[in-house]
Structures are given as structure tokens and as C-alpha cells.
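Colleague: So the chains spell out like this:
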Amino acid sequence: MTVAIDVKGLRKSYGALEAVRGVDLQIESGEVFALLGPNGAGKTTTVEILEGYRRRDAGEVSVLGFDPARRARAMKGRIGIVLQSTGIEQFLTVAEVIEMYRGYYPNPRPLDEIIDVVGLNDKRDERVKKLSGGQQRRLDVAIGLAGDPELLFLDEPTTGFDPAARRRMWDAVKNLASLGKTIFLTTHYMDEAQELANRVAVISAGRIVAEGPPSSLAGRETSHTVVRFKLPERAPALPRTLRTEPTPGDGRVQIEAADPVKVLYELTGWALEKGVTLEELEVARPTLEDVYLKLTDGEAEAAE
Amino acid sequence: MSDVALAIRQVKYENRSFWRNPASAFFTFVFPIMFMVIFNLIFGSSKYSSFGPNGTVSDFYTPALMAFSIITACYTNIAMGVVFAREEGILKRLRGTPLPSWVWLFARITVSVMVAALLVVIIGAFGRAFYHVHLPAGHKLLGLAVALAVGAATFSAIGLAVTSFVPNVDAAPAVVNATIFPLLFISDVFIPIQHQGALTTIASIFPVKHLSHAIIVAYNPLIRGSGFHWQDLAIMGAWGVAALILTLRRFRWEPRAQS
Chain A
178 MTVAIDVKGL
188 RKSYGALEAV
198 RGVDLQIESG
208 EVFALLGPNG
218 AGKTTTVEIL
228 EGYRRRDAGE
238 VSVLGFDPAR
248 RARAMKGRIG
258 IVLQSTGIEQ
268 FLTVAEVIEM
278 YRGYYPNPRP
288 LDEIIDVVGL
298 NDKRDERVKK
308 LSGGQQRRLD
318 VAIGLAGDPE
328 LLFLDEPTTG
338 FDPAARRRMW
348 DAVKNLASLG
358 KTIFLTTHYM
368 DEAQELANRV
378 AVISAGRIVA
388 EGPPSSLAGR
398 ETSHTVVRFK
408 LPERAPALPR
418 TLRTEPTPGD
428 GRVQIEAADP
438 VKVLYELTGW
448 ALEKGVTLEE
458 LEVARPTLED
468 VYLKLTDGEA
478 EAAE
Chain B
27 MSDVALAIRQ
37 VKYENRSFWR
47 NPASAFFTFV
57 FPIMFMVIFN
67 LIFGSSKYSS
77 FGPNGTVSDF
87 YTPALMAFSI
97 ITACYTNIAM
107 GVVFAREEGI
117 LKRLRGTPLP
127 SWVWLFARIT
137 VSVMVAALLV
147 VIIGAFGRAF
157 YHVHLPAGHK
167 LLGLAVALAV
177 GAATFSAIGL
187 AVTSFVPNVD
197 AAPAVVNATI
207 FPLLFISDVF
217 IPIQHQGALT
227 TIASIFPVKH
237 LSHAIIVAYN
247 PLIRGSGFHW
257 QDLAIMGAWG
267 VAALILTLRR
277 FRWEPRAQS
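Respectively, the protein sequence lines represent chains A and B. Read left to right, the first sequence gives residues 178 to 481 (our numbering). Read left to right, the second sequence gives residues 27 to 285 (our numbering).
Quick caveat, the hints were computed from the structure, so don't treat them as lab data. Watch out, some of these pointers could steer you wrong.
Stated by the list, open to error - In the DSS-like style, the derived pairs of lysine-lysine whose C-alpha atoms are separated by at most 25 Å in a straight line are:
| hint | chain 1 | residue 1 | chain 2 | residue 2 |
| --- | --- | --- | --- | --- |
| 1 | B | 38 | A | 307 |
| 2 | B | 73 | A | 300 |
| 3 | B | 73 | A | 306 |
| 4 | A | 439 | A | 407 |
| 5 | A | 351 | A | 300 |
| 6 | A | 407 | A | 451 |
Said to hold, decoys possible - Chain B is faced by these chain A residues, among others (derived, beta-carbon under 8 Å):
| hint | residue |
| --- | --- |
| 7 | 254 |
| 8 | 258 |
| 9 | 278 |
| 10 | 282 |
| 11 | 386 |
Beta carbons are placed, not taken as given, at the ideal position from N, Cα and C, and that holds for glycine.
Let the sequences and hints guide you as you build the complete structure.
Modeller: The following block contains the structure:
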């Protein structure tokens with residue numbers, strides 16, 4: 178495996194504000210990597226340094242073997258950048274815009290393929306002005322693909338999308354991943370990271386605080402399963418083995434279980450025997466979102 | 027594709043975008059012609075002694091509004107268009123592609139200069155058809171062409187330079203119009219200035235008056251000689267160079283950072 182992006186000790190300050198405080202990242206070719214973090218955590222700064230838009234204060238950065246700060250034309254010819262909500266030439270058609278951008282690259286991807294990947298076939302001769310927000314966003318991605326990039330940066334690709342549009346965008350990204358492209362994704366949505374990424378990193382206050390596959394981030398796979406339910410009024414007391422923290426007044430109970438099978442067996446056996454209904458019974462593993470919120474605790478509010 | 031081929035190709039796209047934008051295409055062309063008709067109706071028959079005993083203000087408006095055409099097509103159009111492209115993020119996106127930055131600017135300016143040239147031809151033809159104002163001949167035609175060319179270059183450069191003083195799209199019309207309209211009134215463009223005074227002294231610091239003067243001189247039947255007015259060209263050129271230096275130092279490709 179070759180390394181597409183290699184970052185060591187990256188730092189960047191704006192005046193007294195240290196936005197990025199020593200970030201290390203390594204992304205291999207063909208990976209779909211998601212960088213997660215609240216607003217103001219250093220996410221955009223990190224990405225824009227990798228894309229060549231901003232200069233770093235310290236650290237080593239290599240993108241496809243180039244130092245992005247030099248903004249080499251050869252590097253720009255091999256990457257695709259999809260920025261957050263950027264304007265597109267309003268009065269050109271979908272096909273014209275993509276064709277215009279294709280001309281900038283040494284090895285562009287065929288026009289029809291690009292339009293196909295983002296699912297804009299029926300809009301190809303429509304002026305950009307007339308597209309919906311979701312269609313414009315897919316056109317953003319199409320432009321990012323114009324040069325048939327080895328490495329694609331996708332900055333919050335589905336913010337503001339309705340659920341159907343998100344699904345279509347996800348399909349487009351999976352499609353690209355299946356072609357072996359390296360994808361560097363930033364997102365606010367945990368389900369998006371879960372769905373698309375092989376590996377995620379969480380950035381908080383300018384540092385990477387956790388990194389790994391979405392299924393096991395920050396020990397997620399080993400953490401306890403939670404069993405939740407509500408006891409009716411006047412229910413008999415739970416058996417001793419299931420008693421946990423003091424039960425709140427409304428009868429809601431939450432049991433953290435290292436072995437959920439055993440706990441559920443005991444619980445349901447007890448409920449059947451006593452004729453107790455367990456309302457709203459659910460069994461859940463901590464979601465990626467739970468893990469994320471724990472990792473970035475308090476910072477999300479601080480950034481508001 | 028070579029950079030030259032890329033530049034030519036970009037001109038085509040920018041040109042297409044310009045003509046498909048009904049608002050900008052309409053206003054760029056309608057304003058100079060509208061002013062031509064209105065000013066001629068109001069002031070046209072007054073005497074204009076600079077052009078001799080038979081000179082009328084009608085003779086003045088054809089060259090004067092050629093100057094206005096250059097200013098509106100180059101200065102106003104470039105300043106507004108570039109600010110819009112910058113604030114929308116179009117320039118930022120382009121900077122992330124292998125396209126050399128100068129290619130886009132070149133294409134944008136070329137389209138404005140082509141529009142300016144077309145407008146000048148329309149105004150000239152209009153003046154000749156309706157107000158019997160004849161195009162200068164010989165050396166003076168060359169003088170006219172040089173004045174127009176220097177004017178287009180200067181006001182394109184100033185249009186680019188002014189973008190760095192415009193914080194956002196909403197401020198663009200205010201900044202662009204507030205800087206140019208007072209000058210259009212005091213610089214022999216909208217109103218023929220026949221008496222010297224404090225305002226003409228102020229006007230002579232700025233390039234608008236020198237553009238209109240250089241064009242009017244070429245049209246003036248009383249003035250013989252080469253048709254070149256070196257002083258006007260030099261002052262315009264100085265503004266153009268200053269604007270270019272300012273652009274190189276201060277031009278922004280991205281909207282101001284939000285956070």
C-alpha cells in the first residue's frame with residue numbers, strides 16, 4: 178500500500194488562536210477516510226492546508242508526494258477538491274461546466290461517465306441556475322471528478338440534503354471508492370461516516386483525539402451494551418442481580434451489560450414470571466455518535 | 027492543452043456566460059445608448075464652443091459616451107463580476123485546479139474589452155447616423171484608437187484593483203458606483219464642462235477626465251496634428267500601473283474568512 182497523505186506534527190495558529198496543535202495523519206491509497214469534529218475544532222484548517230489553500234506554521238505534510246504549500250500544478254492535476262457550498266458558473270449548462278473544468282486537467286475523465294456517477298443525466302443540458310440545491314451539490318462533486326483524481330477531498334458533501342438526496346450522494350461516493358480512489362471526507366454526520374468511511378479520526382481542539390474504523394472507534398466494540406426499559410407503576414422490585422443505579426421516579430431503567438444475553442435472559446424470565454410488561458424495551462450498543470459526543474465533550478457548545 | 031489554448035478556450039466560456047446573463051448584457055448595452063438619447067434630447071442643440079462656432083453639444087456626446095462605454099464595460103463590469111466570482115467561491119474552486127490563475131483573469135478582462143469595443147462601435151455608428159458626428163480620419167483615427175486602448179487597459183486594471191476594497195457582494199454596487207459616478211459628472215462625460223474651476227482641477231487628478239479628453243481631442247475638428255494627447259495618455263497609464271501594482275499586492279481569490 179502506498180501512502181496518499183502523510184501529516185506529521187501539523188500546526189497552525191491564527192493570531193493567538195491555535196487552530197491546529199500537532200496533528201498526525203496517515204491515509205493510504207484507496208482508503209475512504211473521514212475527519213470528524215465540531216465547528217472550530219481545526220477540521221477545515223487541516224483540510225485546507227492539505228488542499229494547498231492555507232500555509233502551515235509547522236509540521237510535515239505530503240499529499241501524493243507533494244508539499245501542498247507549493248501549490249504545484251502537477252499536484253493539482255491529480256487531486257479533486259469539493260469545497261463547502263461553492264458557487265458555480267450560473268449561466269452555463271451542466272455539461273458545459275464539467276467540460277470547461279475537464280479542459281484544465283491532463284487526464285480528464287470522460288464527460289458521460291462523470292455525469293453518470295453523480296446521476297445528473299437528465300439535467301445535462303440544464304443551466305446551473307435552474308438546478309436544485311442538491312443537484313448543484315452533485316455538480317460540485319462532478320467538477321471535483323473532472324480530472325479523474327486519484328485523491329478526492331469532500332468537505333461536508335451532504336449538509337442541507339434531504340434523506341433521498343443523501344442516499345444518492347452516498348451511492349456516488351461508494352461508486353468512487355469502488356474505483357479505488359482515495360477519499361478524504363469531512364462531515365458532521367456520524368451515520369455518513371459510518372456508512373462511507375473505512376477509517377475515521379476525531380479532531381477536537383486542534384488535536385486528533387481518536388482514530389480507527391468506525392465500528393471500533395475509541396473502544397466502541399468492547400464497550401458495554403445498554404438495555405433500557407420502563408417499569409410500570411407498582412411493579413415488583415427487580416431481582417438483585419439486575420439492580421443498578423437508583424431507579425428514577427418515572428420507572429425508566431438503564432442497565433449496562435458486559436454480557437447482554439445473560440442480562441436479557443434474566444430480565445425477560447423475571448418479567449414473564451411476575452407478569453410485568455417491559456415498556457419501550459431496547460438493546461443498544463453505543464452509536465458512533467455516542468462515542469463522538471463523549472470524545473468532543475463540551476467543545477461543540479463552546480464553539481457555538 | 028497549452029496555456030494559450032486554455033486561455034482562448036476560457037475566453038469562449040466567459041463570453042458565453044456574459045451574453046447569457048440577461049441583466050448584465052442588457053444594462054451594459056442599454057445605459058450608454060440611453061444616455062446618448064436622453065442627453066442629446068436635453069442638451070444636444072446647445073452651443074459647444076470647443077468645437078468651433080458651429081459646434082453643438084451633440085458633437086460632444088459621441089466621444090464622451092465612448093469614454094463612458096469603456097468605463098462601464100471595463101471598470102464596472104470587471105469589478106462587479108470579479109467580486110461576485112470571488113464571493114461565490116468560483117475563484118477559490120478554480121485555484122484548486124491546475125488552471126493557471128492568470129488565465130481566468132485574462133479571459134474575464136478580454137471579454138470586457140471585447141464588449142467595450144462593440145459598445146464603442148455602436149456609439150460611433152449611432153452618433154454618425156442620428157447626430158451626424160463623423161469618425162475622425164487618418165492620424166486622428168489612430169489617436170482615437172490608442173486613447174480607447176489605453177483607456178480599456180487602465181479601467182480594467184482599476185476594476186481589478188477596486189475589488190480588494192469591496193468586502194462582499196452586497197457592497198459591490200455601492201463601492202463601484204460611488205467611486206465612478208461623481209467623476210462621470212465632473213469629468214466631461216455626462217456634462218460638457220466649458221468653464222474651468224475647482225471641480226475641473228479635482229477631476230484632472232483622476233483618470234476619467236483624461237480618457238474623455240483624449241477621445242474628444244481626436245474628434246475635435248479644430249485640433250490638428252497627431253491626434254495623440256500625451257499628457258492624458260501618461261496620466262491614465264500611471265493610474266493603470268498603480269492599479270496593477272495594487273492588484274498584485276492586494277488581490278484576494280477567496281471570500282474573507284468567516285471564522
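Colleague: Hint by hint, which ones does the structure fall short of?
Modeller: Hints 2, 3, 11 are the ones this structure does not satisfy, whereas the remaining hints hold.
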